[in-house]
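Student: Following the hints, put chain H in place on chain G, whose structure we already have.
If you're matching them up, the sequences are chains G and H in order. The C-terminal position of the first sequence is numbered 395 in UniProt numbering, with every residue numbered one higher than the one before it. The C-terminal position of the second sequence is numbered 395 in UniProt numbering, with every residue numbered one higher than the one before it.
Hint data in this document are derived by calculation from the structure and do not stem from the laboratory.
From chain H, some residues computed to sit far from chain G (all C-beta separations above 10 Å):
#1 Ala147
#2 Asp187
#3 Val197
#4 Gly224
#5 Ala225
#6 Ala316
#7 Leu383
If you want the footprint, here are the derived chain H segments under chain G, 3+ residues with CB under 8 Å:
#8 31-45
#9 52-62
#10 68-82
#11 113-122
#12 134-141
#13 271-283
Where chain H lies over chain G, by a calculated footprint (3+ residues, C-beta under 8 Å):
#14 46-58
#15 100-112
#16 131-145
Keep in mind that this is a model prediction, so the values were computed, not measured. Glycine included, each C-beta is placed from N, C-alpha and C at the ideal position.
Number of protein chains: 2
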Amino acid sequence: MVSKKMKEMIERSAALGAMFTEGKRLKELYGEENVFDFGIGNPNVKAPDAVNEAIVEILREVDSLQIHGYTDGSGIPAARQAIAESLNRRFGTSFSAKNLIMTVGAAGGLSVICKVLIDEGDEALTFAPYFGEYDNYVINAGGTLLAVPPNPPSFLPDLAALEERITAKTKAIILNSPNNPTGVVYDAETIGALAAVLERKEKELGTSIYIIADEPYRELVYDGAEAPYIPLYYHNTIVAYSFSKSLSLPGDRIGYLVIPSEVDDFADVAAGAEIANRCLGFVNAPALQQMVVARCCDEQTDVAYYDKNRLLLYEALTSYGYACAKPQGAFYLFVKALEPDEEAFCEKAKKHGLLMTPGKAFRCPGYVRIAYCVARETIERSLPSFQALAQEYKN
Amino acid sequence: MVSKKMKEMIERSAALGAMFTEGKRLKELYGEENVFDFGIGNPNVKAPDAVNEAIVEILREVDSLQIHGYTDGSGIPAARQAIAESLNRRFGTSFSAKNLIMTVGAAGGLSVICKVLIDEGDEALTFAPYFGEYDNYVINAGGTLLAVPPNPPSFLPDLAALEERITAKTKAIILNSPNNPTGVVYDAETIGALAAVLERKEKELGTSIYIIADEPYRELVYDGAEAPYIPLYYHNTIVAYSFSKSLSLPGDRIGYLVIPSEVDDFADVAAGAEIANRCLGFVNAPALQQMVVARCCDEQTDVAYYDKNRLLLYEALTSYGYACAKPQGAFYLFVKALEPDEEAFCEKAKKHGLLMTPGKAFRCPGYVRIAYCVARETIERSLPSFQALAQEYKN
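Bound-form chain G, shown alone (with noise of 0.2 Å):
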């Protein structure tokens, strides 16, 4: 009696949601300290002290009736006001309140404006391997994703293979750098050419073009990499973001849409959001992590511990015989599955206790995706079970 289209996206988002609960499975059929979960983006770096301190200044200073109150559809005024002061500090971009939308998390933002610039019928386009669940979000707007097909060994977006692609259905360009899975930045020149792509292309077709840029790992960046801020490239650029990772607060569901006041149709779009934030469900993001992500959107978390697992195993896969390309942000490695099946690596590697998510959950058969966002006792006890795998490959 669940709807045909349900059944379908339990099929598609099975990989993911399955990590969540295979972990788990795994500790109590082999202990514990047997099993290394390397399945799930949830950050063990823990929130800055700022955050739980702004808790509690917030419930001492500010009046419960409004900690705990409806906020404005697009969220509180002030908040969004200090996120775009912050934004232009560090981009010199010239963003007010106006131009954010406080939303459930990054998710609840891609969702959100999906079903603002997707209708029936539209495309959507993406470079794989990509996070599945952009599928569910434009589906939910009754669009249609296409992926742009992987570009290994560098995961560079394929340029020429997204512009054959355009056509004027294409609504939307959904950009995710740094990269998860793949741990690859996107420098400015790719960003640049990317834009030329897009603007020959609108000019061409007389549509509108928008880049949702998801940027959750922004700030997640190594060996001195910067991420683009990509509304200074492309002037139809959204920007989906969320304090996940950068404050480590993926459960508080926080985040943001940027909508630029240069966008075509800035005000039926910065509208439609504020919008269809109440019409899917979200109604507003929740107002006190709005008011504690206002005081503390300058915080940072500690990339340097990121940084460190992130070496520590990628030097040690690499010396083992895994490739892989060496990530430059987020905090995953993309690692060649040691067969062509990788459900059956993966499988394989679970008799090992090591938990990693297939490919093919990111539109990427052949490669696993190793989340080292864990604590880097996990990693070095782990390396005897990685090194082990690729030895039972070469037997």
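Tutor: Chain H only, in chain G's frame:
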């Protein structure tokens, strides 16, 4: 460039959304002290002290990674179990964690369960007047919401009219008692009769017809009224609940779905709800708020405060000649406008500083909703305006 669906949604949602900003506009125009905003159901009774105390305790007692980390898609098992046990104590049910899905308020829960149950071309039914966002949740799932016409002056559900409208396409009946906007509480006899109709139609059509019981106002009842717990009356009942009113936490966006084990296809519906939570972009209900309501689910709001508001306003308005069913629940009066076009009536009311919601927003023209979840003083000071407005129609 905004999607066509979105443009329709903007129109449908305009009335309720406008309420939020209209109050601000009028206050700027007439001065804060001269505007009486009865437009929005934003509780004026503050959250029980236990809520903020629980937040501080959680910050002290629980590991920060857990407070701010992702939870299971269906919510923290211990929170779901605590709420299930609270329900069991109150209603003699035998729910456990597996029957509860934590959601981003009742709105999030309704959006999720519509996505689970309703397919392209399916229908849901509800009784006018009703909360206008129901349309959007059903439409987002690909279905159509049909309304049984209003049944004044009692505004009890017209079951004969319901039965006529049930077809093989009917997947769900959205039921809201205590009712927004009428304040009517459906008694046990009404719920029993409704259950009989649905059982008869299920048998006749060979389909499953679910009641989706939207119950944010369950605890707000007066004059000794009780809202029957609908799962005890009808096997295919799913409850959408919010702590928005019972704990005055509307901005926190925290609620749950109850999916009893007895509903048809229980396993699929429960799995579907968890996945729809993710696919729509909610991911999980805010983690900290889940922990708070688990600790506070037996706390009570100050119902007596609303009751005094209710009696004060009801008695004054009826004495001035307004016609209105005496509400036994929620915090609204649903009053017959003093002219057939209630939007014109609302415009005249604004000139007296009175802000009310036109019945059109609830698909029931000719009436207005007055939300009395405001400060007592607001009501007291507004009475001369209500009287002057009535007088205007007598001249």
